[in-house]
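Asker: The lines below spell out each chain.
2 protein chains.
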Amino acid sequence: MEWKNLNTCKSFTKLQEVHKEQAKNLNLADIFNKENSCERVTSYQVKMGGNLKYNYAAKPVNEEILKALQALSDEQKLIEKYELLLNGDFINTGENRMVLHQLTRGQLKNDVVYKGVNMRSFYLNELSKIKEFSKDIHSGKIKTSTGKTFTDVVQIGIGGSDLGPRAMYIALKNWAKTTGKHKMKAHFISNVDPDDAAEVLNSIDLASSLFILVSKSGTTQETLANERFVKSVLEKNGLDSKKQMLAVTSETSPLANNPDYLTSFYMDDFIGGRYSSTSVCGAAVLALAFGMETVESFLKGAAEGDRLSLNKNIKENASLLDALLGVYERNVLSYSATAILPYSQALSRFPAHLQQLDMESNGKTVNRSGEKISYKTGPVIFGEPGTNGQHSFYQLLHQGSDIIPLQFIGFKKSQIGLDVESEGSTNMQKLNANLAAQIMAFAAGKTDENKNKDFAGNRPASLIYGDELNPENLGALLAHYENKVMFQGFIWNLNSFDQEGVQLGKTLAKKVLSKDMPPALKAFSELL
Amino acid sequence: MEWKNLNTCKSFTKLQEVHKEQAKNLNLADIFNKENSCERVTSYQVKMGGNLKYNYAAKPVNEEILKALQALSDEQKLIEKYELLLNGDFINTGENRMVLHQLTRGQLKNDVVYKGVNMRSFYLNELSKIKEFSKDIHSGKIKTSTGKTFTDVVQIGIGGSDLGPRAMYIALKNWAKTTGKHKMKAHFISNVDPDDAAEVLNSIDLASSLFILVSKSGTTQETLANERFVKSVLEKNGLDSKKQMLAVTSETSPLANNPDYLTSFYMDDFIGGRYSSTSVCGAAVLALAFGMETVESFLKGAAEGDRLSLNKNIKENASLLDALLGVYERNVLSYSATAILPYSQALSRFPAHLQQLDMESNGKTVNRSGEKISYKTGPVIFGEPGTNGQHSFYQLLHQGSDIIPLQFIGFKKSQIGLDVESEGSTNMQKLNANLAAQIMAFAAGKTDENKNKDFAGNRPASLIYGDELNPENLGALLAHYENKVMFQGFIWNLNSFDQEGVQLGKTLAKKVLSKDMPPALKAFSELL
Numbered sequence: 022m023e024w025k026n027l028n029t030c031k032s033f034t035k036l037q038e039v040h041k042e043q044a045k046n047l048n049l050a051d052i053f054n055k056e057n058s059c060e061r062v063t064s065y066q067v068k069m070g071g072n073l074k075y076n077y078a079a080k081p082v083n084e085e086i087l088k089a090l091q092a093l094s095d096e097q098k099l100i101e102k103y104e105l106l107l108n109g110d111f112i113n114t115g116e117n118r119m120v121l122h123q124l125t126r127g128q129l130k131n132d133v134v135y136k137g138v139n140m141r142s143f144y145l146n147e148l149s150k151i152k153e154f155s156k157d158i159h160s161g162k163i164k165t166s167t168g169k170t171f172t173d174v175v176q177i178g179i180g181g182s183d184l185g186p187r188a189m190y191i192a193l194k195n196w197a198k199t200t201g202k203h204k205m206k207a208h209f210i211s212n213v214d215p216d217d218a219a220e221v222l223n224s225i226d227l228a229s230s231l232f233i234l235v236s237k238s239g240t241t242q243e244t245l246a247n248e249r250f251v252k253s254v255l256e257k258n259g260l261d262s263k264k265q266m267l268a269v270t271s272e273t274s275p276l277a278n279n280p281d282y283l284t285s286f287y288m289d290d291f292i293g294g295r296y297s298s299t300s301v302c303g304a305a306v307l308a309l310a311f312g313m314e315t316v317e318s319f320l321k322g323a324a325e326g327d328r329l330s331l332n333k334n335i336k337e338n339a340s341l342l343d344a345l346l347g348v349y350e351r352n353v354l355s356y357s358a359t360a361i362l363p364y365s366q367a368l369s370r371f372p373a374h375l376q377q378l379d380m381e382s383n384g385k386t387v388n389r390s391g392e393k394i395s396y397k398t399g400p401v402i403f404g405e406p407g408t409n410g411q412h413s414f415y416q417l418l419h420q421g422s423d424i425i426p427l428q429f430i431g432f433k434k435s436q437i438g439l440d441v442e443s444e445g446s447t448n449m450q451k452l453n454a455n456l457a458a459q460i461m462a463f464a465a466g467k468t469d470e471n472k473n474k475d476f477a478g479n480r481p482a483s484l485i486y487g488d489e490l491n492p493e494n495l496g497a498l499l500a501h502y503e504n505k506v507m508f509q510g511f512i513w514n515l516n517s518f519d520q521e522g523v524q525l526g527k528t529l530a531k532k533v534l535s536k537d538m539p540p541a542l543k544a545f546s547e548l549l
Numbered sequence: 022m023e024w025k026n027l028n029t030c031k032s033f034t035k036l037q038e039v040h041k042e043q044a045k046n047l048n049l050a051d052i053f054n055k056e057n058s059c060e061r062v063t064s065y066q067v068k069m070g071g072n073l074k075y076n077y078a079a080k081p082v083n084e085e086i087l088k089a090l091q092a093l094s095d096e097q098k099l100i101e102k103y104e105l106l107l108n109g110d111f112i113n114t115g116e117n118r119m120v121l122h123q124l125t126r127g128q129l130k131n132d133v134v135y136k137g138v139n140m141r142s143f144y145l146n147e148l149s150k151i152k153e154f155s156k157d158i159h160s161g162k163i164k165t166s167t168g169k170t171f172t173d174v175v176q177i178g179i180g181g182s183d184l185g186p187r188a189m190y191i192a193l194k195n196w197a198k199t200t201g202k203h204k205m206k207a208h209f210i211s212n213v214d215p216d217d218a219a220e221v222l223n224s225i226d227l228a229s230s231l232f233i234l235v236s237k238s239g240t241t242q243e244t245l246a247n248e249r250f251v252k253s254v255l256e257k258n259g260l261d262s263k264k265q266m267l268a269v270t271s272e273t274s275p276l277a278n279n280p281d282y283l284t285s286f287y288m289d290d291f292i293g294g295r296y297s298s299t300s301v302c303g304a305a306v307l308a309l310a311f312g313m314e315t316v317e318s319f320l321k322g323a324a325e326g327d328r329l330s331l332n333k334n335i336k337e338n339a340s341l342l343d344a345l346l347g348v349y350e351r352n353v354l355s356y357s358a359t360a361i362l363p364y365s366q367a368l369s370r371f372p373a374h375l376q377q378l379d380m381e382s383n384g385k386t387v388n389r390s391g392e393k394i395s396y397k398t399g400p401v402i403f404g405e406p407g408t409n410g411q412h413s414f415y416q417l418l419h420q421g422s423d424i425i426p427l428q429f430i431g432f433k434k435s436q437i438g439l440d441v442e443s444e445g446s447t448n449m450q451k452l453n454a455n456l457a458a459q460i461m462a463f464a465a466g467k468t469d470e471n472k473n474k475d476f477a478g479n480r481p482a483s484l485i486y487g488d489e490l491n492p493e494n495l496g497a498l499l500a501h502y503e504n505k506v507m508f509q510g511f512i513w514n515l516n517s518f519d520q521e522g523v524q525l526g527k528t529l530a531k532k533v534l535s536k537d538m539p540p541a542l543k544a545f546s547e548l549l
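Taken in sequence, the protein lines are chains A and B.
In terms of the working numbering, the first sequence is residues 22 to 549.
In terms of the working numbering, the second sequence is residues 22 to 549.
Source of the hints: derived by calculation from the structure; they are not laboratory data.
Because the structure is a prediction, the values reported are computed rather than measured.
A hint or two may mislead.
[As the list claims (entries may be wrong)] Straight line, CA to CA, 27 Å or less: simulated DSS-like cross-link-like pairs of lysine-lysine:
1) B:K321 / B:K433
2) B:K467 / A:K397
3) B:K252 / A:K198
4) A:K531 / B:K474
5) A:K55 / A:K474
[Said to hold, decoys possible] A few chain A residues that face chain B, going by a derived Cβ cut-off under 10 Å, partial list only:
6) K45
7) L47
8) K164
9) S382
10) T447
[Claimed, not checked] Taking beta-carbon pairs under 7 Å as the criterion, some of the chain B residues facing chain A (in silico):
11) K162
12) G431
13) K434
14) S435
15) F476
16) Y486
17) F545
Even glycine gets a Cβ: it sits at the ideal position worked out from N, Cα and C.
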């Protein structure tokens, strides 16, 4: 396989040329102030997993640009690289590891065998262990020390062991309550700030809570400190952590095979933290909270997303197209940030998960062979749910000095179903009216003689939408972004699966704690 | 007063020249890899309100740059403009309004009299009303319909009626519980997504909850829809909203003087939503949650911040200096985003408040006289608490292709006080060791032959720190950012107090709801 930097691709040079030729036809304000833009709205979309669709009608593209993006995809052999990854190639060059998170939810290519173990079987086996265990917890077969059924589950983890699983739990909590699937309330302790653990522990009945300790390496400073914190509080309350704490870790970690835990579920080095929501890292807490059936629907949606991502035609592959449009916006149009705007309160922490997924994967300036690159890579990712964001940072999005591409997400139905009509419409109708209105306002703008009330428009947006936010659609949504980030990494020729940038801070923090540090660092540490 | 665009200031041209001359002396990696940088750490700092300090040792400045920034401050007459504002000038040109949020917490200049009313007295009078009312609620003098004491308070509002008050509540909740000041649990309903209101209402005892409806204009679509939603649910539960809902609005709004509310507290057009945390908009819910004494400390801290912001010497005025450094980074160094990184779980929603405060105030390309400007204005603001962010987007901050200035916030003490030692240090010590380590890692970097493990450094950061996050320090912190944003608006010659950019979306949403819309908008609306 040939791995090439973006700026050495002929198709990238060609894309820049096509952009120059086509620029006059790509202004969204012009496009949407024409009569015939309705067909664009209904035709510029791609089927995703579940019943989701990816709509790119409000992106500054036309057939010529799409053709140039297809050529870039072909030259960078994006699908072939994805297939390599699926077949167990050591894609994570920096750490010399395979990248197998897609295998936690499906088998799309050859069997991947490592040290005699079929990896798909390994992941499936861990899921069956979770299924049995969660059944035993829900049925009361495994009881609390006072003979009761566990009511709450507390995940102790940070980064990928926290953000993804937490975002998924929040996304499905009300769906589960409404459909009768909600079995245990979940809580999360992540920050090493002692107030984080203290607040959670003060808010629950300790005796009826099950704790999941999640650390792949078994050495994460914050997570081990929080384990110690939780154990100390349990002890003070006369409780035995051995009977109410389980571990999610790798088989080679110091936490593995430890009789101090009720049970252990295993992951491995081939699944990065930020890609671990569909591994045991997310599955354990989600199965305990909602039952394994819900987890299986979630995995099914993700698997379908992975399958659809194999299509070489960018018009039939939403994550591939989204990736290419993102690179076009970053490297041709020079936009430096992307806003994630879910019109769904249940997705309130989804932008925080995408922040890690995207910025930790592609916030790099060294290619996968360890050479410096000169072009822009991953953008800043931020976002809040709509309509809240409309009353906050949308001013800058509409009239600020930088153009920021927008990724809207919406659903036809709410999760709880309780709604009220006022002024002739329900809250759900108001929510979605605002969503449609915003896409149009950003794209088409509005001319006004008063420059303060003038909107230039031409601010691009995409829309992912579906019937409702259920487990299958959530799985498809998650896989969409994972695969988008993977494709962007391939286009930029990055290794999207390591994170060397987080190491220096860790090393220096240890120096501070051991009081062995350079003078300026000592001076900073003495301020606090 | 002369109002000038930034690019017409001689001092701005000079700043660019000084920057060119000094660039070789400003690399933070060089500065912090020298022996003598300790003194820089302890001397590059400014006292703020409460016991906070603003440390800018890890900003790419030296005495020459600071001198040039002082000249810019002088030429743009930043303090004089602040004094105009305090004296009741109609600074909000777009809406022809005074800007009086500082007056909610202190009287620094002349009396401001409007239509015969002394505005300071007006604000103080509303605060006394809140004091009396919250006392009556806490003492049980005002009881629920079932004769009990109210236990919960639910704020219904969006944007500034939500983000600021919510962030302040979360910031002080554990402090209040620990110091015995916590009186009522607060909840917030903001999003028009019906799942937002439904989730909150499903989680509380409706009969013992007090609702605060917050809308200055009395016409906010989402807030009125949520009022209707709440009233409908109360009715279904046989409850009378007249006995458990109060209004925070302006005296000219349709909600004012309405006997359908238990009581009303008034604000006015001279306080913008995003500047309203210290007005009745924040004070009502905070006084109910924590008592008026806590609100008074909070206001005291903010007032002190305002007073310190009057100093013309940028080395003695933290918000002024922070504003100038931000402009230097935005317009000379061309950085397009700023990350807010509080090492305090209690400040988990503070970045979301600053997102509105900053991006809605200065995300503009028209100056205060309504003329287009050509230079960059407000940056993207985003952030999450540390250490969580370290395991998420810090990869991009350390090694990404764009430099993003960082604003760290930290405290010596935790709020709850419960802590545990592991590996020779407490969680709080680990938290602050990480904070110091990060500043140093970003600034100094680390050379490595393996380019993937190489850190160029020279990534600027400031640090705001203090003893603990209590009401007074929180007030000072809030005022710091309000005044920073105000000064940046003056430097860029913007009107930081209107938000015309949010209007177009509102208008189009109404068109969708009334089914009277252009075809392309109809096509988008039919997707959902």
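Asker: Could you work out which earlier hints the structure fails to respect and list their numbers in ascending sequence?
Answerer: Hints 6, 7, 8, 11, 13 contradicted; others consistent.
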